[in-house]
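Going down the list, the protein sequences come from chains P and Z. Be aware that the first sequence starts at 1, since it is given in the numbering used here, and climbs by one per residue. Be aware that the second sequence starts at 1, since it is given in the numbering used here, and climbs by one per residue.
Keep in mind the hints are simulated off the structure, nothing from the lab. Please note: incorrect hints may appear among the correct ones.
FRET-style restraints, in silico, Cβ to Cβ [said to hold, decoys possible]:
1. Arg9(P) - Pro67(Z): 55 to 65 Å
2. Ala409(P) - Pro67(Z): 58 to 68 Å
3. Arg43(Z) - Pro385(P): 33 to 43 Å
4. Pro385(P) - Pro106(Z): 19 to 29 Å
5. Pro106(Z) - Leu10(P): 35 to 45 Å
6. Glu160(Z) - Leu220(P): 23 to 33 Å
7. Gly447(P) - Arg43(Z): 24 to 34 Å
8. Glu337(P) - Glu164(Z): 21 to 31 Å
Here chain Z is said to cover these stretches of chain P; the calculated rule only asks that three of the stretch's residues, wherever they fall, bring their Cβ under 8 Å from a Cβ of chain Z [what the hints assert, rightly or not]:
9. 148-160
10. 205-213
To give an idea of the chain P side of the interface with chain Z (calculated C-beta under 7 Å), a few residues [to be verified]:
11. Glu70
12. Ser74
13. Ala133
14. Pro143
15. Ser339
16. Ala397
Glycine residues also receive a C-beta, built at the ideal position from the N, C-alpha and C atoms.
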Amino acid sequence: MRWSSLTDRLLGWLLPVLAVVAEGAFLAVVYVAVETTLDARVPLLGTLELSAAAGTTALAAHRRWLKPDEEPTSFVLLLLGLGIVGWLWSSEARDLLLAGNPIDALLHHPGGWLMLVAGMRGVGRAELTDDRALTRLVLVGLPALAAPWAFGQFSSPALRPVFTDAAFVSSLTFLTAGFTAAGLARLQEIGRQTGVDWRRDRSWLGMVLAILALVVGIGLPAAWLLDLPADAVARGILEPILGALGYVLVTFAAIAAFVASILARAIRSFGFELPPPMTPDQIARLQEVPKYTVEQLRGPIVVVVVVWGLLIVLGVVLLRVWMRARARRSGGSATEERSFRIPPGAFRLPRVGRPRPPRPAVPVVARDAVSAYLAALEEIRSRRPGDARAPSETPRAHATRVALGAELAALQADYAVARYAGRPITPPEHRRAVERWRRLRDRLRAG
Amino acid sequence: MAAGWTLFGLGLIVIGGAIGAPGLALVGGLTLLSRWLITLWSRFGLESIAFDRRLGTDRAVWGDQVPMEIEVWNRKLLPVPLLTADDHVTDTLRVAGHTLGPSERPGRGTLRNAWSLLWFERVVRRLTIDARRRGVFLLGPVRLTVSDLFDRGTRSDERELPAELLVRPRSVPVRSLERAMAPLGNHRVPASLFTDPARFAGVRPYQRGDPMRRIHWRATARTHAPVSRRYEPVRERQVLLAVDLQTVPGAYWLMLFDDEQVEALCVAASSLARRILRDGAACGLLLGTQLAGGRRWAYVPPTAAPGQLGRIDDVLARVQPIVSLPFETLLDAVPRLLLPGGSVVVLSARDPAPYLDPMRRLRGSGYAVDHVALGSEREMARRTARDGGVRARTARLEPGWRDASALVLAD
């Protein structure tokens, strides 16, 4: 099987990206706990920033730009650079540095230390993206989240909601990214072992959707339990993507501002007079942007959510169609027919506990010829199990086989006449049949 | 270890509940859930999985395409991310679009199929077996394996599902270079105790004892003398096709063989049997080679009954190229199998010198013996047989047994 197609290369990128996002999310929970509990400040860094730090070193190590074992100096320098970015993320730390207090600046914001840790973890993720490593990341990381969650309980009551919200969102991100990465890596590994092209079935799509459903299913009641808004669940799933989108927009805005300033200078150089930039006073005098309540924005929000939801579904469908078409072009002569059939009793709950004992047989009372024969059979079955009448045996064949005397022969004859021939039996014959049953019973009991 | 994590998760839930930290309880719950989730499929994945394999036919002719359906049905609510079915099939089986993998069973390969199944989903996969090789192909048992999605755990179950596909050799028309060449095994029967009333042969003078219903009344009236009907004697030709599957000179127990010649012999034998049966004779088969299934030789008694060609082709399909008996021994057994007066057609692709004596003995015992030589040395073989006093012909499949349009016989 070829593993060099565009889809495979995409998957090759997706797995480390998901892995570093999971790393970043875990470190974000730790950072939030430290920042709110020890420093009593609102956290500045999030999953995206810490993931970016891990991703930077992962990319550098993957591309062999960075060789930690062979060139440790460059590795340490890169880590220091990441640490400095983390430390100076806080404006107070920057002020302290500018004021000439580098030690205070270093100790002011713990984000730098965690960026450093993220950088070190990223190097490991550059290579270790197999299913075992990623499963271990989730299975060990998930219970390890207990430590920052426990630590965060000591944060001040004012910052407790901030901690809970940020830690919950990052924990959900960790759960989503970690399980998706582990699942995709497992599918890739299974595909390698079995020769099954995972693009040609729906396991990956089903798995991603199942994980999202699981996260939403867990997240919603958990958010209610933690007294958080429901949108925290959506943020937990989408925060890295939305954060990255925000950074992209900011970058575009910066580029656009730069281009606009160059254009303005160029226009001025041609003698055109442009209005001067607005001063802060003029900006302050601008008409205030009206504020809307959630109730007022409910309609537009719903429309935006629906449109985005449809776009996502459309994207998934198109991606799926494209991948199936690619897989179909790549060969395979087997045709498949898929259908859904619910077997009868599929939703019956399994019986819990011990199986019910069989109902005891009601003893037959000999009142007439037929019941006398049936009572005789019951007596034979209980006294001599080997002589019991088989389901496939006729009364006459049974009587011949067991040879219990004239009583059973006469009883079976009466039974056959009454049941099979449908002929009435006279009252004296009924009495004689009951007498025969008694004699047979006494003989059997006597041994 | 798993129990330790479970206890850890439970502990977190209890502590979180006790100190009023729902976050801790959440992490504890997630820990328990993840531990339960990673081994979910190795515990429950194989339950209520129905698997079936159906072959379009159990007999095919070389070159046919045999449809095969594999049906798998997930009869439960739990989706199965990956179900692998390893069917242990004969390693020479060819399935279009599939390459057989290795198997731990000797002579077997693994036909691997994999699916991902949603809840209650039933999938019927259609494959095509390319019958490009004669023989007996066994299918089964099938090993079903379910893999965990987040762990390397797997669970397997083996289902027997035995099946057999018999690929018979191809059969081509038999042509003679000479127009007047008599059909194989066709010899005049001079007399018989019994006559065939369906084959009217004329009239003869009435003889004392002729039954009244045998008198030809119209001819009697015309000739003014009583005449009786005359019928052809009953003659059921019995032809036994003895195939010498030793293709390399030397001792038979050396187990040397020329695979192409063995296949050519099977094609020629099937073609001759079809021709003999079509000519109205009873045809049987005798060969001494290892057969798939363990038998060391095969004998199909001569009969012209419907289905005889199928029986012969079934035996030829089971032929393996390892000779188990010297051909001379096999020919010596003919008198115990065939009534005197029958015909023996010996089909061979090697020098007939080693079994000339048995052929001569058969002739002396009243059997009509024809030797048909196949292969590149057929002319020399024919000469040898004729020099030994046996009627001999050559047969050729040009350009080869795969592409030949006819089996051409020449005197």
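The hints, checked one at a time:
A hinted range of 55 to 65 Å is violated for the C-beta pair Arg9(P) and Pro67(Z), which are about 37 Å apart. The hinted window of 58 to 68 Å between Ala409(P) and Pro67(Z) holds, with their beta carbons roughly 60 Å apart. Range check, Arg43(Z) to Pro385(P): about 41 Å between beta-carbon atoms, so the 33 to 43 Å window is met. Evaluation of the 19 to 29 Å hint for Pro385(P) and Pro106(Z) yields a failure: the beta carbon distance comes to about 48 Å.
The given range of 35 to 45 Å is respected by Pro106(Z) and Leu10(P), whose C-beta atoms sit roughly 43 Å from each other. Between Glu160(Z) and Leu220(P) the beta carbons are some 47 Å apart, a value that contradicts the proposed interval 23 to 33 Å. A hinted range of 24 to 34 Å is violated for the C-beta pair Gly447(P) and Arg43(Z), which are about 54 Å apart. One distance hint, 21 to 31 Å for the beta-carbon pair Glu337(P) and Glu164(Z), holds here, with the actual separation near 26 Å.
Only residues whose C-beta sits within less than 8 Å of a C-beta in chain Z count toward coverage, and the segment 148-160 of chain P has 4 of them, enough to reach three; the restraint holds. Remark: the segment 205-213 of chain P is confirmed as covered by chain Z, as 3 of its residues place a Cβ nearer than 8 Å to a Cβ of that chain, reaching the required three. Hint on Glu70(P) is violated. Least Cβ distance to chain Z is approximately 32 Å, over the 7 Å limit. Proximity of Ser74(P) to chain Z is violated relative to the hint, the smallest CB-CB distance being about 36 Å (cut-off 7 Å).
Hint status for Ala133(P): violated, given a least beta-carbon distance of 12 Å to chain Z, over 7 Å. Satisfaction of the interface hint for Pro143(P) is found here, the shortest Cβ-Cβ separation to chain Z being roughly 4 Å, below the 7 Å cut-off. Hint status for Ser339(P): holds, given a least beta-carbon distance of 5 Å to chain Z, under 7 Å. At about 37 Å, the closest approach between the beta carbon of Ala397(P) and any beta carbon in chain Z exceeds 7 Å, and the interface hint on this residue is violated.
Hints 1, 4, 6, 7, 11, 12, 13 and 16 from the earlier list are contradicted by this structure; the remaining hints agree with it.
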